[in-house]
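Peer 1: So the sequence lines, in the order shown, correspond to chains U and V.
With this note's numbering, letter number 51 in the first sequence gets 69, and the count goes up by one each step, no holes.
With this note's numbering, letter number 358 in the second sequence gets 408, and the count goes up by one each step, no holes.
In case anyone wonders, no lab produced these hints; they're calculated from the structure.
Be careful, since some hints might not be right.
Per label pair, the in silico range of CB-to-CB distance [said to hold, decoys possible]:
{"id": "1", "chain 1": "U", "residue 1": "Ile21", "chain 2": "V", "residue 2": "Ser198", "range": "48 to 56 Å"}
{"id": "2", "chain 1": "U", "residue 1": "Ile21", "chain 2": "V", "residue 2": "Leu384", "range": "43 to 51 Å"}
{"id": "3", "chain 1": "V", "residue 1": "Lys391", "chain 2": "U", "residue 2": "Ile21", "range": "45 to 53 Å"}
Just so we're clear, the structure is a prediction, and the values are computed from it rather than from any experiment.
Each residue gets a CB set at the ideal place from its N, CA and C atoms; glycine is no exception.
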Amino acid sequence: MRIRAAVSAALASAGILLVGWQSGVHGADTRSAIAAAATGNQASGTGTTGSSGAASSESAASSATTGGSGTTGNSGATGASGAAGAAAKAGGTYDGDVVQTRFGTVQVQITVKAGQVTDVTALKLTDAEGRSVQISNYAAPVLRDEVLQAQSADVQTVGGATVTSDAYLTSLQAALDAANL
Amino acid sequence: MNTQLLPSPGTGTPMRPAHGPAPVREAGRFASQHRRRLLRADVLTVTAWSSLAAAVALWLADGGLTAASSPAGMITALGIVAGLAGMDLVLLMLLLAARIPFIDGAVGHDRALEFHRKLGKPSLYLLLAHGLLIAVGYGMAEGLDPVSEAVALWVLIPDMWLAFISLALFIAVVVTSLVAVRRRFPYEFWYAVHLLTYGAVLTSLPHQFSVGGLFAVGTWQRWYWLGICIATGAALLYYRVIQPVRATFRHQLTVERVTSVAPGVVNIEMSGLQVGSLAGNGGRFFIWRFLAPGLWWHTHPFSLSAEPVRKGPDGHGRLRITVRDLGRGSAQLLRLRRGTKVAVEGPYGLFSSAARSRDRVVMIGAGIGITPFRALLETTPFAPGQATVLLRGHSNQELYLGEEILELCRQRGATLFHLTGGRDPASPDSWLPASEHRAGYALADYVPEIAHADVYVCGPSRWAGNVLNAARASGVKEGQLHHERFDW
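The following block holds chain U by itself, in its conformation from the complex (with noise of 0.2 Å):
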């Protein structure tokens, strides 16, 4: 009878396991491909014209969405500005996608002069829990500072804020989209 109670519990914990552990790496797909469509934007991004631009930053916001993890690109605004981007590449400010995560809303303004991004600015950053404005705070200079740097969305994510990051990330790919940079 400990036996099958002993071996009940094994299965029953594996099946739970095994469950939590498929729905976490469904999730972690989609989170990828949302990071593997980001990059590939950022690649077409840069050199091209406005008009390849836009429909790959609108790819990238409909992937997200089909992916269905709570990441939303707002695609009209992007499209929108992207529209205008070709004619604004002498300067002005962007604003990037609202993209929402679990810990909150991110999204970011660039200003760019003469084709250069001179500054980022952070709209609205994740803030759902404390712990969330703590991370916030600490990882929005690191970021914008890596950015201004390599002037591109393809710099490092912040350890322990990956979430963040990510978001800020994006947000700021849809900017540069449409900045048309």
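Please build the complex by placing chain V on the supplied structure of chain U, with the hints as guidance.
Peer 2: Frame of chain U, contents of chain V only:
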């Protein structure tokens, strides 16, 4: 006459009853009861392990593994898993101590508390690991040393100071429950500190839901965690507060009579309403609280020493416990006044017919541990000749309620042995008096069919341990052994 009262088996063979074995209708009725009880225990085991697995699965489902890619992330992840598992164990501990009939009826109250004690240290270690690993992991992510990270968590994050207090309380509760520490303090001190568990759990809850990203608003994980926390709290409130208060008001027990049985041993008779619902299974114990000045804050776990007697149609009746002066608490009971109101919780435990698994039954009691058998013998079903009672004491006077038990054995056809005399100081493993032990008697000499019987043992824990070992040596399986500890 079916009953034999023998000093040892050597002086004669117990007579068998004239009317043969138990009726077929009766045979095997306890086998299915036993199977159901084992199934229940197994279901509980599986549920407990599943809940632990589920706590880890919550984290896995949240993509916990992907977050653990950097060293800092890995340490933080371990800390989170330790916290989840630790909290799950704490909830299991609370449920084990909640006196839930489903749990107590499956494994027995004392076994449930034994599991509860076993989980104490693991859960504390997990919670300590949780705090340390999180401080290190977060600290590494932010470039802080663990101490300043801990300070930052305390100061900056809402609810975290409560979590620090909670951890300190958990440490206090577990340390005072260590056997070595517990012996140095009176029971009441330990009990008061143990009540802090509720404070520890309550202060730990806010940070789980506000700081723990896993339980962010809108996640199914949050609902699951809230669900198990609320269910545990509700079970505690119902079974440890509402039920006892209701029972006390329903039964309206008052002390009727206190009569001396032997030096330092008294019968306490109480009368009250609806005593029938306190009856039935014999041997189960109640927690008594005598509402007199200086006594009301003591609780006493005692079994009934006689089945309740109903006198009126409204369930008005009388019940009885037998108490020996074992310590400061029970000494005062010898001087209880008539009319003292009594609060009652119970019945608890499994030292009753509910534990039966075979048609034959053997009851082995020593000293004050004899008294629950007085009630069990009254009600537990057996055919004449299928029960054996062994009573152990230093002298005949120490075989408390021996006369009543002899009379019951006569009526019901049980074999009775009185085993009196001091033990053999040379063999501490023996449960027999010195003379019987030297003569080479064993348990099977008194009860040849013991391997096919339920064996109930009640007495001082050292002696009871010896009896249990003797029974195991005679081929009695664990499931047939029923032992009630009464020395806590």
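Peer 1: Indicate, hint by hint, whether the structure satisfies it.
Peer 2: Here is what the structure says about each hint:
no.: 1; hint: Ile21/U with Ser198/V: 48 to 56 Å; result: holds, 51 Å
no.: 2; hint: Ile21/U with Leu384/V: 43 to 51 Å; result: holds, 49 Å
no.: 3; hint: Lys391/V with Ile21/U: 45 to 53 Å; result: holds, 50 Å
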